[in-house]
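*Asks:* All chains should be built: construct the whole structure from the sequences, respecting the hints.
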Amino acid sequence: MLSFKEIVIASAVLAVAHGHGVILNAQGDAGSPASIGFKVDPNVARNCTTINPCQQDSTLIRDAEINANIVNECGRTEIAGNIDIGENTENALAAGQVTKVKAGSELQVTIHQVNADGAGPYACDLDPTSNSLGGSGQIPLEVTNNVPGVNGFSQVKAQQFNITVKMPADLKCSGASTGNICTVRCRNNAVAGPFGGCFPVQQIDVTPTQNTPQNIQTLKDLNTVLEQQQGNVKDLPAAIKANQIDGTDQQKAASDTATKLLGTPDVVTKEFPVTNTGPGNNGTADATTGNTGNTGNAGNANTGNGRNRGNASKANGRNRANNKREEGNSVLRWARRYVVPGADFQAEVDP
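Read in order, the letters of the sequence shown correspond to residues -19 to -1, 1 to 332 in mature numbering (1 follows the signal peptide of the UniProt record, and there is no 0).
Note that these hints are calculated values from the structure, not bench results.
Only true hints are included.
No more than 25 Å apart at the CA atoms, straight line, and that leaves these computed lysine to any residue pairs for SDA-like: (1) K251 with G12; (2) K222 with G62; (3) K147 with L122; (4) K153 with A104; (5) K153 with G85.
*Replies:* Structure, rendered in structure tokens:
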């Protein structure tokens, strides 16, 4: 990820090329909270067009960058870099800022056009798993009452538009900790962009998914895996350098100053449950309530007992294998690993 200083410099150099649109609000079912675009800062000025600060929280979503494994499917902002979809979704859930939807329902999405090439038309799609699709596989969504414009351009600046986005009739959201989150992505077709953003929606007419390692169907083919690995190796030196710069006292101070100037709100945190797994347990947490009660564990209220048969201590997390080892009065020995250049390995002999 680029440092704050590097981003500001790059923004100044590319001033002619940059324009933006920002997702300020997405409203689903009446009475439900509204979602906002990932990494959109409510304190950034909306009455101007300058790169700094007016465009700093705008999102660029480029297929080439996604396919090169530089960013996730929701792209990046100028000031924050890559958008971590999982992190931002959980932050929104904790803050109560995820709008609710049903199959076939409609969303009213408010887009702020910063300057000329933040115009329409905007195309929207959906990741039903929230954050696993990457560069392809998203479900196209019907958009009406679109933002005026051609090829992402118009003469409008510093103005807001409401577009209507319709959910699929067969909608089935399965993502995030709640098991019923989808990610909606909207972007225009400006050459300097595309500009737009992503936001989460929570489906309320579906049974939340409870994942196990065995029912995860995410897959990448061999060529994609190898290309990603090669790209990561190529990008690693620059990424390490940027990370080192971000970790300096000077850079931390600059970041803190920017946060204070913007008035960026603090992230709301919540406590997540601990779920026991293994024989007799279903291996999943209750996605709707966060309940860690495991259906196959009779009489176990999950008060620190890790299914330890024959052990009455509630705080004892040892498993049955530990009990058997103790019953046989056996001694567990660990092999030592020797790493001596030029030396032959010799197994340790018990005394």
